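There are 2 protein chains.
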Amino acid sequence: MAKLSKTVQLSHGGGGKEMNLLIKKIFFKAFDNPILQSEEDAAALHFNGPTAFTTDSFTVAPLFFAGGDIGKLAVAGTVNDLAMMGAQPEYLSCSFIIEEGFPVDDLTTIVNSMASELEKSGAKVVCGDTKVVPKGCADGLFINTSGVGHIKTQGISVKSLAKDDAIIVSRDVGRHGAAILMAREGLTLESDLTSDCATLWPAMDALMQAGIPIHAARDATRGGLSAVLNEWVQASNVGISVHEKHIPVCDEVKGLCELYGFEPYDLANEGTFILAVPKDVAEKALEIIQQFDFSANAAIVGDVDEERRGKVVLVTPWGSSRYLDVPQGELLPRIC
Amino acid sequence: MAKLSKTVQLSHGGGGKEMNLLIKKIFFKAFDNPILQSEEDAAALHFNGPTAFTTDSFTVAPLFFAGGDIGKLAVAGTVNDLAMMGAQPEYLSCSFIIEEGFPVDDLTTIVNSMASELEKSGAKVVCGDTKVVPKGCADGLFINTSGVGHIKTQGISVKSLAKDDAIIVSRDVGRHGAAILMAREGLTLESDLTSDCATLWPAMDALMQAGIPIHAARDATRGGLSAVLNEWVQASNVGISVHEKHIPVCDEVKGLCELYGFEPYDLANEGTFILAVPKDVAEKALEIIQQFDFSANAAIVGDVDEERRGKVVLVTPWGSSRYLDVPQGELLPRIC
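So the sequences go chain by chain: A and B. No gaps in the numbering here: position 261 of the first sequence is 261 in the UniProt record's numbering, and each next residue is one more. No gaps in the numbering here: position 178 of the second sequence is 178 in the UniProt record's numbering, and each next residue is one more.
Hints are computed from structural coordinates only; laboratory data are not their basis. As the structure is a computational prediction, the values presented were derived from the model and not from experiment. Fair warning: there could be bad hints in the mix.
Heads up, the list lumps identical chains together, so a pair's fine if it works in one copy or across two of them.
Straight-line Cα separation of at most 35 Å, DSBU-like style, residue types lysine-lysine; simulated pairs [what the hints assert, rightly or not]:
1) K25 to K159
2) K6 to K124
3) K17 to K311
4) K25 to K135
5) K245 to K29
6) K163 to K17
7) K245 to K3
8) K254 to K284
9) K311 to K245
10) K6 to K163
11) K25 to K163
12) K152 to K24
13) K311 to K163
14) K24 to K311
15) K124 to K311
Required output: the full structure, derived from the provided sequences and hints.
Okay, structure coming up:
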């Protein structure tokens, strides 16, 4: 088989010999499985019953950051969207838009990072697409991952929150946003701050297997904790109160937020989920979640009420309270 | 509800208030359906049995061309990948990467064009994603569409070609490539040349309903007729002979090919499919295909043999013959 050039050329997206070479040497090698190898126009799968379907495009800059890269992010992001619906992440599609001249070594690193993140959930890449655009028409690399999987527990929904549900946050918030900010601004804070980027399926799977009746679950990506809680109060027509002193935020994120005037609750996460469960199972749910490295510092941060419907109330450590709103404007473009 | 600005801003991809506004005013309005409106992390669907799954990213330039636009192309392209597997196109995801400053009017036109193309197959957009990147980081607009659907007839495959199958081409080839070339070069040939861009499901559905035993089907996109036939001879370990005089090519495409030194068989199509069926049902299949406007000039162009396995032989009108190879290099970047 011919050798790949050191950089991606327009011909690698042309549908001919060079594209076949790129696909086989990089994508098929990393994602090897019989469905992908069948090389049909579409992957032939088999489902019985309720199935979840989701999509995400990733444009993060820089492509490599503390705690991950665009490949890990693309797999974790789509797997997490399925997991939050109670669906086992089974099959992913993977579509690349590559800028002419992109280093083949970097592409290989990113694709291998995707393959290793897939192992965390057992999902497989079963179909894909490759486009190459001329230099200057895209910034390096964009990845779309879509995903499908069986829904194991039905009814987990933004509309299912109920009075007296406890709100659980799976770990300290704001790490992904802060890590990208740090990478982009070239900050060297002598800090160990890394993105939270992670596959959350193992925790959701454990919760379902333990029979925890999950009302709502969502990973707090763009818009952070604030966006999720506000979406929930709107969709379920309830109120939520959260206690600032219970919401974990690490010192590095606090420091960056003070420096830039951000709220940690508005910053994006890529491996942090929010859960609404009935109060009486909240402690049990917390114990299950805390078994996993990526959610060892999970905490119960608040509860659902029917008083200020449509509103999220943040109670400060001094006992005063204010509304936590949906973020406005653009804090950080190309966060994911 | 607030008003949308005239151009897309970074905040429209931020996960907050502005993004909600863009999604509701443009995407939800055009793609309106209860699954999409549920606004969960993933769409909840229901499948029983064999299901096809496919993905495609679209980076075509220019975004608007004779016979279509990137929106029509994105829907038809993904629907066609499902259709060629014998799968009813049911659910599509839709993910936009938008350059800051992109005109909201153009976005609306493109999204409406997607909605109207969806009607041709009855497929629905059930989940989506929106990313906005700073000016200069992408060229206008890229769209990813992934799709899922029930497989109605199993076994249609690149591996299923058999000796004496007839090869049918659904219409004159090379139109999409030629139309993009014309648009890009600003050619005004006083011609009516339009892209073939079309949803092919109705023809595949009719063939299956008539009980035609389809061995292989593929839409001849990047790499054109040459790429499809070469993929087939490799995957099925057969030979294919096609007769140049039977392959329909319109005069405008012939003219452009002469001007630029292209082969019409290498040019991309976006609404043209190639079919392999047993010889004894070929005429019946042809009649069914010719009933549709988008494939009225379908033709039987060749047959499958076991002589020169792995090779596609093109017989010229003068009786000589040559191998038709997989295209090499990049004819036209950003064709789809």
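Next on the checklist: Name the hints, by number, that the structure is in violation of.
Outcome noted: Hints 5, 7, 10 contradicted; others consistent.
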